[in-house]
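Going down the list, the sequences are from chains A and B. If you read the first sequence in the working numbering, its first letter stands for residue 10, the second for the next number, and so on. If you read the second sequence in the working numbering, its first letter stands for residue 10, the second for the next number, and so on.
Read the hints as simulated data drawn from the structure, not as lab findings. Check the hints yourself; a few may be wrong.
Stated by the list, open to error - Residues from chain B that keep clear of chain A, each with C-beta distances beyond 10 Å, as calculated:
#1 Glu39
#2 Phe55
#3 Lys60
#4 Gly142
#5 Pro157
#6 Asp207
#7 Tyr231
Said to hold, decoys possible - Straight-line Cα separation of at most 27 Å, DSS-like style, residue types lysine-lysine; simulated pairs:
#8 B:Lys60 - A:Lys172
#9 A:Lys172 - B:Lys79
#10 A:Lys60 - A:Lys139
#11 B:Lys115 - B:Lys139
#12 B:Lys115 - A:Lys60
#13 B:Lys161 - A:Lys161
#14 A:Lys139 - B:Lys161
We put the beta carbon where it would ideally sit given N, CA and C, even for glycine.
2 protein chains.
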Amino acid sequence: MYDLAGADENRRFSPYCWRIRMALAHKGLEVEYLPWHFVEKDKIKFSGQGKVPVLIDGSNTIADSWEISKYLESTYPERPSLKMDNGEVMFIKFWTETVLHPEILKLLVLDIHDNLSPEDQPYFRETREKRFGLTLEQVVVNRQERLPRIQKILTPLRSTLSKQKYLSGETPGFSDYIVFGAFQWARCMSGFLILNADDIIYKWRDKMLNMHEGLALSAVGYPI
Amino acid sequence: MYDLAGADENRRFSPYCWRIRMALAHKGLEVEYLPWHFVEKDKIKFSGQGKVPVLIDGSNTIADSWEISKYLESTYPERPSLKMDNGEVMFIKFWTETVLHPEILKLLVLDIHDNLSPEDQPYFRETREKRFGLTLEQVVVNRQERLPRIQKILTPLRSTLSKQKYLSGETPGFSDYIVFGAFQWARCMSGFLILNADDIIYKWRDKMLNMHEGLALSAVGYPI
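Bound conformation, chain A alone (with noise of 0.2 Å):
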């Protein structure tokens, strides 16, 4: 699997590849993941298109972190199944998209640029200011201020999660890996909290770092 990488080429940040590297240990898959920058479009051209993570299993391509989840449940349906049966994963993965990961990349978007590799700053720069009308530093200004905005956001989470162990209900599914992604992406490229500690979705993330035998815990990133 293509996965993005920052400067520190250990450094895997995408959430839309933490989704899929939490997949596949969901489903007990070994892969191996060969690190991308932005500015390697190239690289995967053969996939037909330009982003990560692009997935390589035998003679089959996959790009896109939603496809690549499909072509998992289809073609391993005798391993654990991460729950997409229901239209409701649907509903979540367009409320991370649009409402989770504009946010966050509102507070974090200038640490992003300084764990990105020299090649691919420029590019980040130029696509992120242009998207914003704004600097990325003017972006980041008075980020500490924002902190209850994205609390707010969250309530729906939070409240779901005290009602009930992971989203997708009793055990983990490709629900929680889509949020959980947001939340790791973060991680690995910042040492900004967003989280309290005593927060149940600081409970709920720390649940998803330490499973698979600790993948999300021992990643490349900040001991937030």
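Fit chain B to the known structure of chain A by using the hints.
Relative to chain A, chain B alone:
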């Protein structure tokens, strides 16, 4: 079932009651609906709490829409499933209650007040004005300008419905009834337009209005 009613006793507007009305129709269960008003706490005291819906089924009394839906699933498993086994339905519930409901209320609270029975109006005004720290009239000032905000809030729902027929997948489930309850609450109490006719959410709402022999479409409300 005890069901919240307006000044017109046939105007049944509670989003929580609508979830259950739709769920009962989904299961093909016929139920008598008894009108109830906010101030009639005594009438439902036997249920051990003070809110509707309250369902009486033989010797069983069940309050709270979530508890009722679970009761229906476990008591009538041979009838069409509400598809509540997956944990993500809980997230949909909390997203609806903590994100969507408050935003709709801020647009429609005065219309809701105006459609309540004269006995309920002072209770409703007092409790809601206390909650907002504003008069009802102040809450809805410039509501037209807040429409882009609710459109943005609806993004994850819109994106999901662009990928699949229902929130719950290929067929409707309790998730759909939870979110639909919010729109039906609005439709029963106000002619204020929240959804545009070209919005995929509008098209989904149209399917919801028409299902179960037009149960929701034929309800007393506004033709929006």
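Hints and how they fare:
Distance check on glutamate 39 of chain B: its Cβ is at least 28 Å (rounded) from any Cβ of chain A, clearing the 10 Å threshold; non-interface status holds. The beta carbon of phenylalanine 55 of chain B is kept farther than 10 Å from every beta carbon of chain A, the shortest such distance being approximately 26 Å. Consistency note on lysine 60 of chain B: stated as away from chain A, and its beta-carbon is indeed over 10 Å from all of that chain's, at 18 Å minimum. For glycine 142 of chain B, the requirement that its beta carbon stay farther than 10 Å from each beta carbon of chain A is met, with the minimum near 17 Å.
The claim that proline 157 of chain B is not at the interface with chain A holds, since no C-beta of that chain comes within 10 Å of its own (minimum 15 Å). Residue-level check passed: aspartate 207 of chain B sits 19 Å from the nearest beta carbon of chain A, beyond 10 Å. Every C-beta of chain A lies more than 10 Å from that of tyrosine 231 of chain B, the closest at about 27 Å, which supports listing it as non-interface. Simply put, lysine 60 of chain B and lysine 172 of chain A have alpha-carbon atoms about 21 Å apart, close enough for the 27 Å limit, and the pair holds.
A threshold of 27 Å between alpha carbons decides the hint, and for lysine 172 of chain A with lysine 79 of chain B the separation of about 14 Å falls inside it, so the pair holds. Distance restraint check for lysine 60 of chain A and lysine 139 of chain A: the Cα-Cα separation of roughly 19 Å lies within the 27 Å cut-off, and the hinted pair is therefore satisfied. Proposed proximity of lysine 115 of chain B and lysine 139 of chain B is supported: the alpha carbons are some 14 Å apart, at most 27 Å. Note on lysine 115 of chain B and lysine 60 of chain A: the hinted pairing is violated, with a Cα-Cα distance of about 40 Å set against a maximum of 27 Å.
With a CA separation close to 16 Å, the supplied pair lysine 161 of chain B and lysine 161 of chain A stays within the 27 Å bound. Between the alpha carbons of lysine 139 of chain A and lysine 161 of chain B the distance comes to roughly 21 Å, so the proposed pair stays at or under 27 Å and holds.
In summary, the structure is inconsistent with hint 12 from the numbered list given earlier, while agreeing with all the others.
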